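Using the sequences and the hints given, assemble the complete structure.
Listed in order, the protein sequences are those of chains D and Z.
Note that our numbering has the first sequence beginning at 45, numbered continuously upward.
Note that our numbering has the second sequence beginning at 51, numbered continuously upward.
A hint or two may mislead.
Unchecked claim - Over 10 Å on every C-beta distance to chain D, these chain Z residues come out as not near it, computed from the model:
| no. | residue |
| --- | --- |
| 1 | 65 |
| 2 | 87 |
| 3 | 115 |
| 4 | 122 |
| 5 | 204 |
| 6 | 223 |
| 7 | 271 |
| 8 | 366 |
| 9 | 465 |
| 10 | 525 |
| 11 | 528 |
| 12 | 560 |
To be verified - Here are some of the chain Z residues that sit facing chain D, going by a computed Cβ distance under 8 Å:
| no. | residue |
| --- | --- |
| 13 | 121 |
| 14 | 192 |
| 15 | 197 |
| 16 | 207 |
| 17 | 208 |
| 18 | 216 |
| 19 | 241 |
| 20 | 245 |
Bear in mind the hints are in silico, worked out from the structure with no lab data behind them.
Only a predicted model underlies this, so the values are computations on that prediction, with no experimental measurement involved.
Backbone N, C-alpha and C define an ideal beta-carbon position, used for all residues, glycine too.
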Amino acid sequence: MENGLSLTLDHIFSSLFELSPEVILSIGILLVIVVGLVKKDHAITTLLTLLIFSFSFLFVLSDLDTLQQPLLLFQGMLRKDTFSLYLSALVDAAGILTVLMSWRNQREQSHLQEYYALIITVALGAHLLVMSTNFVMVFLSLELISISSYVLTGFSFDKKGAEGSLKYFLFGSVASAVMLYGISLFYGFTGTLEFLSEEFLKNLAGNITPLFFIAGLMVVSGFLYKLAAAPLHPWAPDVYEASPMPVVAFFSTVPKLAGIGVLTRFAMTLKMADQSYDWQSILSVIAILSLTIGNFSALLQKNTKRLMAYSSIAQAGFLLIGVVAFLPQGIHFMLFYATVYVAMNFVVFIYLQYFEKNGFVTIAEFEGIGKTFLWPCVFLLIGFVSLTGLPPTGGFTAKLFIFSSLWDAYQLSGKNILLWLLIFGLLNTVVSLFYYLRIPYYAFIKNRSINITTNILAFENLFGLVLVLLILLFFFSPGLLMGWINKITFVSVIRFPLSVIG
Amino acid sequence: MHHYYISLLIFIPLLAAVAGLFVPAGAAKYFRYSTLFVNLLQCMVLIAMVMEYIPAQGMQLVERKDWITLNIGTWGILKAEYFVGIDGLSLPLVALSVFVLLIATISSWTINKNVKGYFILLLILNAAIIGSFTALDFLLFYLFFEFMLLPMFFLIAIWGGARREYASIKFFLYTLLGSIFILIVMIGLYISVHDPNYSGQLVHSFSVLNMADASNFISHTILDPNNAWTIGPMNARLWAFLLLFIGFAIKLPMVPVHTWLPDAHVEAPTPVSVILAALLLKIGGYGLARIAFPIFPEAAIHFSTFIGIMGVISIIYGGLNAMASKDLKRLIAYSSVSHMGFVLLGFASLTPEGVAGSVYQMFSHGIISAMLFLLVGVLYDRTHDRTIVNYSGLSSKMKSYTALVLVGFFASMGLPAFSGFIAEIMIFLGAFKANSVNGLLHESLAIIATLGLILGAAYYLWTLQRMFFGPYDLKGNIAHDSIYDLTDREYLMLVPLAIAVLFFGIFPQPMINIIDPFAQNFSEFVLRAGKSLTLNP
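Below you can see the structure in the form of structure tokens.
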């Protein structure tokens, strides 16, 4: 018994060393708060946060390079594999971009250390969520993301922020409760919380009842909530509108990445365990709903943040397509899509923030600013073109890939719903063009003379230029990124049972 | 020996566009002259290209470089190439592009609003058009095809007329919808096709030439010709052809998906109208001949009657609409719809004469429509009014102008000695012969299509009578002193076009020598391949 205990302790210790990025982030949270108490200078806090994210990013990258086979940590609580590492790297990259965006955002200066600490906390939650293989861990990391997000939403400290924050909280707690109920049902069916374990699969396979189906839907809906996919999307527009711009950019990427990561794992298990319910079709319907609701609602928006909220709902639909294919290349292409999505989303948000600072908030206010702000408007246009998915941008390549895997899935399964998803997804591109081009359209085509002097060497332009070049690079040589992504093995649970602990 | 002619044609304007970004916006002269210089350089490259070209040789001056090679695990390798070349289909169209773009630049001399942006967009458009006409890799073609949209959108939306915003968005949405249809088929095709040059490896190829060979399809894929899927009431390959057909028909444009064209034309500035009518429409016809027909030959045969009927409907409906138009530019736009209907009819006949006629028609309509839109532009520059009934007896005040209008109108009517005549007579021959040669089109279609000629004569002659003859009078708010004859710059644009129209009407042989080998091969290939592929019911 004592021997067993010390073995367990050893295992926990060795697990801890495998978690260096997460450890860095955890220490970082405390460090940022402490340093913020001592030094009021905002540059130091920002730099420190930047450093923390960069370190975590570098550690993740080095792990991604060296990791030979998936590791199960903390006795099956977490699973560290190339898939989770890749998503963690993206989360850290999004964190770095958010900090860079916040750098010159004046509003948060009064509570800067709390602001950064919360951002790091969300990133930590995302790291853990994409690694989770245990329902308890899933719930904990999801709540880590959620609770920090509720606070971040209200960080402009005005009435609108408070309202958005409260709405988010109410929606979020219901979604969590529903998911928790689903989890408890699963525990009842299988007697284990580790949803990637053989035991879970075995017990589930003999237990396919309508109740199981409902439990599955409940858990999936918890993930869809984080993903802001329809029909669990209504919180997004209000929350986006209330939050400060860097937070919106952060929300539209990091929780989504975490949500799609855990959803992918869970959906694979469901599909494997269950032959009687067609999870592929269910997820297809969700993807179609997200695409259609997101795009059509966006058509009516007047506020840029709400527009981007609906855009992010539609983009969640595209991410889901990669999962729906249930093919290895589908997941690879989904990761490619996610990477391009982070880049193009940040380009758009950087400039939306830039224009917000100059006083342009509603779409109509962008009227005629194309001449004065030539480069910001051109970069914004490239970001929007990429979100639409037109060449020569990475958005096109990503869409091409993701629809290729869908076509392949249709070819393999012959399910008509997949064909409908293909057609709906592509036709939605036409709809999305209509609203994505609204802002550039107002900026370039409407006429209005304004007297604002601009500095072409602004920080935003440099920052935007790098991301725009990245988006173009993703189009002209997608092989660079796909080379990395190809190394990711998304192996199913059967071939790597619990015996590889440690 | 390595040729870089095509790359030169594509990249010279792109480089000039990039260089232009760094020139201050105030240097209007620089932008005008540098674009003109680019056009002249392209003309020189074109002449060199034509000298090298050997009509009997098929695809030539090919350049092939790896572009994207992605290894995607068990699924194989995705391979897209920078793959360009020209043959009897693309050479006339490339030549037309270079020529018309030069004229369009001269016509753009009067643009004064945001000169920098205008010429940079024009240069990007230039590269995209030539790229579309030469690309042999589907992904590359699609890139250029889409890349035309944004510059065109801004050119209409910023420099256009009163309802420019409506027209530009309508143009964009229609064309994007069409290109989405094309994209769906492109995805299906490259997944289904492998490159036979790689044995032992599964290489998914975007090459149009590979796709046109039925033996390159991977068995049991959706679009496999030997074992294609059935989706709903039809075979998947028929669906795919239909999607491609609609995609290109929107661009062509064919009735009933033509409604963007009159709006776009009426609102676009003159040079943009010229490019739109003379070049962009041709990409629809080009796409059908380069992609849709060879890749899905059995579907082309299956739908040939349908395509022929749609062509005839376009001819008649376009003509009737032209007759009813009150705006001179709208009249010419509808006459374009009518003339592009002939292209459909010629391709549908799948006879060498019909196909050669279609290619000739695309070339000749390119010159004629460029000339007609410039002529409208001349009048509009003077009076800012295009309403037909507001003018009469212009011939007494604008003698040279009237002479050139006569040339343009007669050419568009299809009178002998003008290039349109040669094209249309070949199409009629092909369509008429089709029933006895391959049984695809009924003779009645050709007979009904001749009505289009009568309609053409009717609306042009009526317009001539109303606007140019009779007593001189101006109605509306047109100032009398605004009417004067052509300037030197206008001669410079119009006379070369008039000469070309006459030259290709009187000496069609050089052009036919280029087109004919392609037309022979094309009709023979589509018929043979189409008949050999069994169609599952």
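Cross-check of the supplied hints:
1. With a least CB separation of 16 Å from chain D, residue 65(Z) remains clear of the 10 Å interface cut-off, as annotated.
2. A cut-off of 10 Å between C-beta atoms confirms that residue 87(Z) is not in contact with chain D; the least separation is 25 Å.
3. The non-interface label for residue 115(Z) is consistent with chain D: the shortest C-beta to C-beta separation is roughly 13 Å, beyond 10 Å.
4. Its beta-carbon lying about 5 Å from the closest one in chain D, residue 122(Z) breaks the requirement of being farther than 10 Å from that chain.
5. Not every Cβ of chain D is farther than 10 Å from the Cβ of residue 204(Z); the closest lies at roughly 7 Å, contradicting the non-interface assignment.
6. Distance to chain D contradicts residue 223(Z) as a non-interface residue, since its nearest Cβ pair spans about 6 Å, not more than 10 Å.
7. A Cβ of chain D approaches the Cβ of residue 271(Z) within 10 Å, the least distance being about 6 Å, so the stated non-interface status is violated.
8. Non-interface status of residue 366(Z) relative to chain D is upheld: no Cβ of that chain comes within 10 Å, the nearest being about 30 Å off.
9. A cut-off of 10 Å between C-beta atoms confirms that residue 465(Z) is not in contact with chain D; the least separation is 42 Å.
10. With a cut of 10 Å on Cβ distances, residue 525(Z) stays outside the contact zone with chain D, its closest approach being about 31 Å.
11. At roughly 27 Å from the closest C-beta of chain D, the C-beta of residue 528(Z) stays outside 10 Å, upholding its exclusion from the interface.
12. At the 10 Å boundary, the C-beta of residue 560(Z) stays outside the reach of chain D, the nearest C-beta of that chain being 36 Å off.
13. Interface restraint check for residue 121(Z): the shortest CB-CB distance to chain D comes to about 6 Å, inside 8 Å, so the restraint holds.
14. Interface restraint check for residue 192(Z): the shortest CB-CB distance to chain D comes to about 7 Å, inside 8 Å, so the restraint holds.
15. Taking 8 Å as the C-beta cut-off, the interface hint given for residue 197(Z) holds, the closest approach to chain D being about 6 Å.
16. At about 5 Å, the closest approach between the beta carbon of residue 207(Z) and any beta carbon in chain D falls short of 8 Å, and the interface hint on this residue holds.
17. Annotation: interface hint on residue 208(Z) holds; nearest CB of chain D at approximately 6 Å, less than 8 Å.
18. This hint is violated: residue 216(Z) has a C-beta 11 Å from the nearest C-beta of chain D, more than the 8 Å allowed.
19. With 8 Å as the threshold, the beta carbon of residue 241(Z) comes within range of chain D, its nearest partner Cβ sitting at about 6 Å, so the hint holds.
20. Against a cut-off of 8 Å between C-beta atoms, the interface hint on residue 245(Z) is violated, since the closest Cβ of chain D lies about 16 Å away.
In summary, the numbered hints that this structure violates are 4, 5, 6, 7, 18, 20.
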